[in-house]
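Participant: In case you want the letters, here they are:
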Amino acid sequence: MKCKEVEELAGAYALDALPAETLREVREHLESCQQHPEIAGLRAAALSLAAAAPGMEPPPGLKTRLMDEIRQETARAAEGRPREIDGSWLRRYVGSAFRPYALAGALAIAVAALIGWNVYLQTSGDGGQDVAIVRALTDSGAAQGRVLYFQEEGVAVITVEDLAPLPTDQTYQVWAISGDDVATGIGLFNTSASGEASTALEVDLTNAEFVAITIEPAGGSPQPTSDPVLMAQI
Amino acid sequence: MEALYDQYSRRAFGLAYRILGDGPSAEDVVQEAFLILWRQADRLDPARGKVSSFLMTVVHHKAIDLLRGRRGETRRDSLDLPALAQDEADMLEGVAESQVRDAVSNALQSLPEEQRQPIELAYFKGLTHVQIAESLAVPLGTVKSRLRLGLGKMRSALEGRVR
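Note that the protein sequences, when read in sequence, are chains A and B. Heads up: the first sequence begins at 27 in the numbering used here, then just goes up one per residue. Heads up: the second sequence begins at 8 in the numbering used here, then just goes up one per residue.
Cross-link-like lysine-lysine pairs, in silico, BS3-like; alpha carbons within 27 angstroms at most:
id, chain 1, residue 1, chain 2, residue 2
1, B, K160, B, K132
2, A, K30, B, K160
3, A, K28, B, K160
It is worth saying that the hints were derived from the structure and are not from the lab. Since the structure is predicted, the reported quantities are computational estimates derived from the model, not experimental observations.
So that you can see chain A by itself, here it is in the shape it has in the complex (with noise of 0.2 angstroms):
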């Protein structure tokens, strides 16, 4: 799309009133190109029209219902109730989050990261076949981790970067979770002060679509109980 047609198209982008393909077309060109300041006010004034609609009171059940459901949500988070494992979570983050290495790009990082490493492990035959690597981006994307898994030894090695360290009563927790998505914790690990570890866990990981972190109380917990801060997919 060119940047005339950006121009025409301005108010009814603004106002969210482009069909859904001409609004990808529109949006790949503002990536990359820095023309169309004019766009920025337009949304600003199609933003003000909510205030056009009269104020209305809503009915006063809303209200209770509202804090009761806060409520309950609060309630949840205290107990540190283990989240349902049904899947939804881990599609948020995969798919918003994950980005895999090419296999040849995985194996040069591989051994790369191995050379730095203060743990052997032995590979077999080539070296590179029995690794997998991953790497999965933080929310924030501060902290970055990589896994490698060698399964001929049943070892995964984790290390992580730009992960705060925590409190004495937290723990980061490593969780392997099939494709069932059934999460089982296979290790607790604190970063240093620097905000790095790594970390040597034997596990079977066959059956593992993902390897997650996430943070639980000091001792680690049977179940996930808040969203992952790295993920990876095997």
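Since chain A is already given, all that's left is putting chain B on it; use the hints.
Facilitator: Relative to chain A, chain B alone:
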């Protein structure tokens, strides 16, 4: 949260009702929007007055989605809430509610009918520019330029009014 509800629920419910035209659906949308606001609260900066624009944007998005769903149209992508929470405050933040309502209503009513009508169809009915062209029986190019011109005039009128 209770204080936020007391402060903004009239506006939120008014907007949802204006779009959907029925109380129970408007209630559902407002409840969902406040829950989203509550869950995103740590991302919002009340000092910058972003709470109301965030809330009203969510109410609008959810209500239009519901309306489009009723018409058998495809729903849009879900809102990028973290991005929305990081958005700059809108131009009317910090202005008293009654002043905002007057300013926006005046700006809208002062537009020529031919510009006001397509803007209202887009914002309150969730019609695309193609649907607006069909329903008003005017060429698509005309709709595009009327939406742009009308919004541009509103922006100028509001900037003049609140600064």
